[in-house]
Amino acid sequence: MTTIAVASTPLVEALLARADDALVHAHRLSEWCGHAPMLEEDLALANVALDLLGQARSLYQYAAEVEGAGHSEDDLAYRRDAPQFRNALIFELPRGDFAETIARLFLASAAMLPWWQAAMESPDARIAAISAKAEKEVTYHLRHAGEWMIRLGDGTEESHARVAAAVAKYWPYTGELFEAEHPAVAALLPDPAPLRAAFDATVARVFAEAGLDRPRDGWMQKGGRRGVHTEHLGHMLAVMQHLQRAYPGAVW
Amino acid sequence: MSVTTLDLARVRAIAGAVVDPEIPALSIADLGVLRDVRVGDGGVEVDITPTYLGCPAMNVIAWEVEAALAQAGFGDVRVRLVLSPAWTTDWMTQAGRDALRAYGIAPPAARAGRRALFGADDETQCPRCGSVETEKLSEFGSTACKALWRCTACREPFDQFKCL
Ligand SMILES: [Zn+2]
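So the sequences go chain by chain: H and L.
Read in my numbering, the first sequence has 519 at position 221, and its numbers run on one by one without any break.
Read in my numbering, the second sequence has -14 at position 4, and its numbers run on one by one without any break.
Everything labelled a hint here was simulated from the structure, so no lab data went into it.
Treat the hints with care, since some could be wrong.
Within a straight-line C-alpha distance of at most 25 Å, the following computed DMTMM-like cross-link-like pairs (lysine to aspartate or glutamate) qualify [said to hold, decoys possible]:
| # | chain 1 | residue 1 | chain 2 | residue 2 |
| --- | --- | --- | --- | --- |
| 1 | L | K118 | L | D141 |
| 2 | L | K118 | H | D511 |
| 3 | L | K118 | H | D452 |
| 4 | L | K118 | H | E339 |
Working from the sequences, and respecting the hints, build out all of it.
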């Protein structure tokens, strides 16, 4: 099925950014289904993925309404190409090993929890309502991932080395999570500056218990919010969108 | 009592009796998912709210509400999904909590106050033997709304409805 053209406005872009974050991260987590190191973790990662998928759906539905071009949440998820995606780069990187998956979930949740909490105060009632739901869910995600960071960091030599390497790999991608919003929508969405402080505090607390060092803030990788992605996103979308592209409108 | 008031009570009872497909022991009235019912010239409007944004049961619940009301003769039914205020386990009724326990699921803690991000869990009672000698196995259970626990007294694993 053909790719859609999104009638873009700053608000549509901002909603798509957070929806795409959630959808792409959900897909990466769902890749663990049937492959996690233990049954409990298989259930946990699938459940977190489902929460993120729910958040993505709510945001796509709202983005589609704001866009007003008659698109559905499915059109936005399945009928845009990689350059039209607005997710931060951290979410599209391949899932890697379990430590990498946990490190990404931890860093993303530590950044997103204060974002959702601040977005609950948005003057846009719809954003506030979605955020009040998502905030509760992400609290569980952060708790779960944080406990795993401590378990891995404070575990064996092997687990420590792997999670430390995972943190080093993802750290340069955290900067993009705190980019300023477009001035036209800044009043509706959280100011990223104070979120950074909350993120830093969570990281400091968990890393101290996990025996992990916080990497230095150096060069930060960016581009996803402008549609400049790594090669990994295209491959992921090929898998994720294949069915709807090959059999337009297929349902079960 | 006007006809509308009678209808309203009937609609509320019929819609409220629909059960959560993932926990059939629990009606959506006891779960706190049924938020509002309106009957007017335009037909019947029913508001439901999701427990979790990704809750896959919501579509089924909406269809079941429409089907149950259609069967009772209410033709023009619209089910609306409302997000605000956000659902909390505090809306679960005492009857719902009792039904959950009888079904083998530990009900959520009574007050969904802000939990500490990291730290001790609230005491959780085994739904089978009543012991509080229990331990959490996983924050996530068979569905998004449940955590997995184990009773160290009777050795049985059990689901707990998470506090949200
Ligand atoms: Zn027991």
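Evaluated hints:
no. : hint             : result
1   : L:K118 to L:D141 : holds, 10 Å
2   : L:K118 to H:D511 : violated, 29 Å
3   : L:K118 to H:D452 : holds, 20 Å
4   : L:K118 to H:E339 : holds, 13 Å
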